[in-house]
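We have chain A already, so just place chain B on it with the hints.
Read off the chains here:
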Amino acid sequence: MINSLKILFRQGRQYIPDIKNAAVPGIFRGRPVISSISADEKEIAACCPTGAIATHPLSIDMGKCSFCGECARIFPGKITFTRDYKIASNRRDRLVIKEGIDEAVRLDPEEIRMEISRSFRGSLKLRQVSAGGDNSNELELNACGNVNFDMGRFGIEFVASPRHADGIVITGPISENMEEPLQICYDAIPDPKIIILAGVDAISGGIFTGSPAIKRDFLDKYKIDLYIPGNPVHPLTFINGVLELVTLRKFKTFGVLR
Amino acid sequence: MNYTAVRNNVPVPIESIPILEYETFLEQNIILAGKPDNHCVNYYGHRAGNKIRLICCMASDMEMMIYVSSSLINSSKPLPSFTRHRHSFEKFEREIAENFGISYIDHPWLKPVRYAFDRHDRKQEISGYPFFRFHGDETHEVGVGPIHAGIIEPGHFRFMCNGEQILHLEIQLGYQHRGIERLFIEKDNLLSRTVLAESIAGDTVAGHTAAFVNLWEGLCGYQSDEGSKLTRTLGLELERVAVHTGDMSALCTDIAWQLGSSVYGRLRTPVINFFQSWCGNRLAKGLIRAGKNNYPLTGELKEELLKIFEEFLPAFHQVNKEASRLPSVLSRFERTGILTGHQAADIGAVGMTARMCGIRRDIRLSHPHDLYPVLGHQPVLKHHGDVYSRFQIRREEIKQSIGYIKKIMENIPEVNHDGRNWKSEPMAGQFSVSLVEGWRGEICHCAITGENGRLVHYKIKDPSFHNWLALALAVRNNEISDFPVCNKSFNLSHCGHDL
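Keeping their order, the protein sequence lines are chains A and B. Read in our numbering, the first sequence has 26 at position 26, and its numbers run on one by one without any break. Read in our numbering, the second sequence has 1217 at position 217, and its numbers run on one by one without any break.
Honestly, the hints are just simulated from the structure, not real lab data. A few of these clues could be false.
With a Cα cut of at most 25 Å, we get these calculated DSS-like pairs of lysine-lysine [stated by the list, open to error]:
hint, chain 1, residue 1, chain 2, residue 2
1, A, Lys215, B, Lys1111
2, B, Lys1321, A, Lys6
3, A, Lys215, B, Lys1123
4, A, Lys215, B, Lys1292
5, A, Lys78, B, Lys1292
Okay, chain A solo, but in the shape it has when bound:
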């Protein structure tokens, strides 16, 4: 008992108090910014391993970006990765960062289904499915619940059974061999339910785009409620993205705005 208390005492305070404004240490590669200085657009686009850079106008699609940072290294004045980790959105097009734009990525409140705001504001239980995920996103999603990030304090948790869940978090490019289990898991979740894609592989296939071993038909069938870019997603990106999804849209019950 005494020993346990001694150990506890040594740890001090581990949790991040302000999850919305915490600064990430070091040189995190978060939201990219493309400056307006002139550069050879074709050359920039050609250096990207996942085809995330488009031209006219020059843009980076965070849903395709593997965040390797090579473009910023070759064209330092043109492209920089900021430490802004709030890069999740419920609209796929908002993940595309265009030349000269340096604004925070937000969710579109109009696109958030009313049932999400009504049902999941105070409590959201998620079932995670790794469908060809490389275990990096899985590690970071686990980290969301550790003593540092402590996502549970917001009522957001991962649960064991799809029957207990309000939604599904998919990681990985969706391998052909996982297509059926993913569908079974999704079908087992009671309505209303949400779909979150976590990480570049899930959003676009990432480096696996075009592989004959992946099959992404599942995604064409349903509305995706949240895209969380990253390779892997940073726990702060995930937590802030999900929090915004469940709290951003205001709604009225019995005439009271909540």
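Coordinates of chain B only, in the frame set by chain A:
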């Protein structure tokens, strides 16, 4: 004996590898595998015209050599198997059979490995896996997965039980198959391949990326600089510290020791955050590149890391002491999930799994690369083969790795190539093997280049490929409720296996 002796990361012309009659090929490799110091690091096939060329790489744990030989066969002709003589070839031959439709006349367990998209028989589907069946009045089966109760990768576990006791566990994998080996050929530039290497197993980014870049630089005839060697070695050891600490946390979670779980868990955080400070990514994606060192270690970073260890070590020692004292911890860890040294040797176990039951097998010692020759590594060995041995070996390896990190950071080299002199042009007609001791164990990448140095074949072997069978053997006669802690104590990779 007719083979070519190859060194780690030193390419040889593909013509220099002898092509033997299958019978001679079999006999020779069985003799090599019979020596306790040798084990098979890779055995695979690739198409050569209308035939299949089998390539077998036997590594010595003592002599820094890999003995490579090959054989050309027809896929239509049934063959006698290696497995009948040595169980360590079991998985390799199953893979060859699955990919090329070769039938072995005496393989005891010829089942699909991963249902690869380019398997010989597309009609065989993952939902139709032929499980071992047994019947009895007091026995039952428990099927778990592919989707499990936590945030982990998918795989199916079929337990055959007598009451609470596991008689046999069959592990079916393949759900994570993404066609990586084919993508290595199809991707036409180095950066794409490097990003791909980082995605083989996202928990072993430094391990697999180091294996790839060392192989690639070797094929290009390029000698990497001291700064890059430091980056790779430091990345590998730091990854070991981080993942081992996280695993110790997970082991405590599985026995419901909340304090240990939280403390080990939070100790991992500053270590992976250091990766972010260093290279912008908590899991070291982006850190290791061929032909250049994007993130040379600076004096500032060194101080930051030393400070992290200064805080890490006392807290680590304190909680370790408590873990080794608490009866509730020891009673769950000790004598649970035992893998004997004999079993480990028989199945060709590698890495931590081999070392925790007394086998001195470690690439850092036997085929050292980067800065390992200077470190004079001596592997940590345990002998009991139970969950507690796997817990202890992690604890000791963490301490050892921190020691190594401090040592290699004493002299930060000034030479750091920024990639200006580097040309990614592999030599034509070469074969090369790259071995790296990742935190799980031995990673092996093999490449063959064709005309103009174009990559024509790429083969990856994660340590999990050998070690999944170790888990199945270790849980026999254990309670099914001890499976989670056994599984976590091995912490094997699904995606590294499925590729």
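Against the structure, the hints come out as follows:
For the given pair, Lys215(A) sits about 24 Å from Lys1111(B) by alpha-carbon distance, which is consistent with the 25 Å threshold. A threshold of 25 Å between alpha carbons decides the hint, and for Lys1321(B) with Lys6(A) the separation of about 12 Å falls inside it, so the pair holds. Proposed proximity of Lys215(A) and Lys1123(B) is supported: the alpha carbons are some 17 Å apart, at most 25 Å. Restraint check for Lys215(A) and Lys1292(B): not satisfied, since their Cα atoms lie roughly 35 Å apart, outside the 25 Å limit.
Between Lys78(A) and Lys1292(B), the direct Cα distance comes to roughly 22 Å. Compliance with the 25 Å bound is thereby established for this hinted pair.
Checked against the numbered hints above, the structure breaks only hint 4 and satisfies the rest.
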